[in-house]
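S.K.: In the order they appear, the protein sequences are chains A and B.
Here this note's numbering is used: the first residue of the first sequence is 3, the next is one more, and so on.
Here this note's numbering is used: the first residue of the second sequence is 3, the next is one more, and so on.
These are computed hints drawn from the structure, not numbers from a lab.
Do not take every clue at face value.
Unchecked claim - With a cut-off of at most 20 Å between alpha-carbon atoms, the simulated SDA-like pairs for lysine to any residue come out as follows: (1) A:123 <-> A:100; (2) A:94 <-> B:129; (3) B:94 <-> B:129; (4) B:123 <-> A:25; (5) B:123 <-> A:100; (6) A:123 <-> B:15; (7) A:94 <-> A:4; (8) B:123 <-> A:106; (9) A:123 <-> A:110; (10) A:123 <-> B:28; (11) B:123 <-> A:94; (12) B:94 <-> B:69; (13) B:94 <-> A:26; (14) A:123 <-> B:106; (15) B:94 <-> B:77; (16) A:123 <-> B:114; (17) A:123 <-> B:124; (18) A:123 <-> B:94; (19) A:94 <-> A:108; (20) A:123 <-> A:70; (21) B:94 <-> A:69; (22) A:123 <-> B:90; (23) A:123 <-> B:18; (24) B:123 <-> A:77; (25) A:94 <-> B:114; (26) B:94 <-> B:114; (27) B:94 <-> A:28.
There are 2 protein chains.
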Amino acid sequence: MLGRVNHVGVATPSIEQWAERYRVLLGAEAVGEPFDLPAQGVRVCFVDAPNTQIELIEPLGEGSPIHGFLARNPAGGQHHLCYEVPDIHRAKAWFEEQGMRVLGEPRIGAHGTPIFFVHPKDMGGVLTEIMESPRGEH
Amino acid sequence: MLGRVNHVGVATPSIEQWAERYRVLLGAEAVGEPFDLPAQGVRVCFVDAPNTQIELIEPLGEGSPIHGFLARNPAGGQHHLCYEVPDIHRAKAWFEEQGMRVLGEPRIGAHGTPIFFVHPKDMGGVLTEIMESPRGEH
Numbered sequence: 003m004l005g006r007v008n009h010v011g012v013a014t015p016s017i018e019q020w021a022e023r024y025r026v027l028l029g030a031e032a033v034g035e036p037f038d039l040p041a042q043g044v045r046v047c048f049v050d051a052p053n054t055q056i057e058l059i060e061p062l063g064e065g066s067p068i069h070g071f072l073a074r075n076p077a078g079g080q081h082h083l084c085y086e087v088p089d090i091h092r093a094k095a096w097f098e099e100q101g102m103r104v105l106g107e108p109r110i111g112a113h114g115t116p117i118f119f120v121h122p123k124d125m126g127g128v129l130t131e132i133m134e135s136p137r138g139e140h
Numbered sequence: 003m004l005g006r007v008n009h010v011g012v013a014t015p016s017i018e019q020w021a022e023r024y025r026v027l028l029g030a031e032a033v034g035e036p037f038d039l040p041a042q043g044v045r046v047c048f049v050d051a052p053n054t055q056i057e058l059i060e061p062l063g064e065g066s067p068i069h070g071f072l073a074r075n076p077a078g079g080q081h082h083l084c085y086e087v088p089d090i091h092r093a094k095a096w097f098e099e100q101g102m103r104v105l106g107e108p109r110i111g112a113h114g115t116p117i118f119f120v121h122p123k124d125m126g127g128v129l130t131e132i133m134e135s136p137r138g139e140h
């Protein structure tokens, strides 16, 4: 059902501070430009490892959904895990048939393709993002 | 400095329960046989995604280092992130030169190669395992 791990989401109070650390760890060219996703209340920065990505996520605005996580984990930490699927609507129907809780309707995610989240309680405590693979990369 | 993400470590109160879920999510052949690592106080089970692995970790014995994590996260959750390096001793020296805290001496990990952990406070809150790549896979 699920494909490759597109990224590991890591929440942080400061992308700027940790992007610098990742430049040292994975190379300057591995760290992308940060950008805002106002509809989702986050600012993000993708870091390339050889086989997957780390998505650094910083709160954007007072209603950011990651304020709660950072209140519990002030230094930041692993926040979610994102798997690719070929078709987001078929994936949503499949998760619902399995009795797993899909959080909201598919919407455009940080990579420009549709995504949804699955409730962590149905995934062993792991907040799970399901992302349609970019076209041509199926 | 760091190579591929070897695995995402996910702590769970029950490998048996969640291995079944991962068989449905990633295919029966993706889920390995669980095995005990008594020296580390954990029982582990590797699950293959196409580009990396999920390591399910369950406490083994009363002194297991993941009891505290499961007390804070009873449903389980993302516990650590493991990167490969070509040479564990060079990697340890490098982290120490950077002023990052290496937790103990290199020891044999779940894949049979030497590993160490880096303090989460030096990695944006992410407990980080550094693992020497299996021979022939550099």
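S.K.: Between residue 123 of chain A and residue 18 of chain B, is the straight-line Cα distance small enough, at 20 Å or below?
M.R.: Roughly 16 Å separates the two Cα atoms, so the pair holds.
S.K.: Could you grab the alpha-carbon distance between residue 94 of chain A and residue 108 of chain A and see if it respects the 20 Å cut-off?
M.R.: Measuring from Cα to Cα gives roughly 8 Å; hence the hint holds.
S.K.: Are the Cα positions of residue 123 of chain B and residue 100 of chain A separated by 20 Å at most?
M.R.: Distance of about 38 Å is beyond 20 Å: violated.
S.K.: When you check the alpha-carbon spacing of residue 94 of chain B and residue 28 of chain A, does it fall within 20 Å?
M.R.: holds (16 Å)
S.K.: Does residue 69 of chain A sit within 20 Å of residue 94 of chain B, going by the straight-line distance between their CA atoms?
M.R.: violated (34 Å)
S.K.: Under the criterion that the straight-line Cα-Cα distance not exceed 20 Å, is the pair residue 123 of chain B, residue 25 of chain A satisfied?
M.R.: Roughly 17 Å separates the two Cα atoms, so the pair holds.
S.K.: Can the restraint linking residue 123 of chain A and residue 28 of chain B be considered satisfied, given a maximum Cα separation of 20 Å?
M.R.: It holds: about 18 Å lies between the C-alpha atoms, which stays within 20 Å.
S.K.: Quickly compare the C-alpha distance for residue 94 of chain B and residue 26 of chain A to 20 Å and report which way the hint goes.
M.R.: holds (15 Å)
S.K.: Is the hinted pair residue 94 of chain B and residue 77 of chain B satisfied, with a Cα-Cα distance of at most 20 Å?
M.R.: The given pair, whose Cα atoms are some 33 Å apart, is violated under the 20 Å limit.
S.K.: Has the given pair, residue 123 of chain B with residue 77 of chain A, been kept, meaning a C-alpha gap of at most 20 Å?
M.R.: holds (7 Å)
S.K.: With the threshold set at 20 Å, check whether the alpha-carbon distance from residue 123 of chain A to residue 114 of chain B stays at or below it.
M.R.: Since the Cα atoms of residue 123 of chain A and residue 114 of chain B sit roughly 32 Å apart, the hinted pair is violated (cutoff 20 Å).
S.K.: Does residue 69 of chain B sit within 20 Å of residue 94 of chain B, going by the straight-line distance between their CA atoms?
M.R.: Roughly 27 Å separates the two Cα atoms, so the pair is violated.
In the structure shown, a violation is registered for the earlier hints numbered 2, 5, 8, 9, 11, 12, 14, 15, 16, 17, 18, 21, 22, 25, in ascending order.
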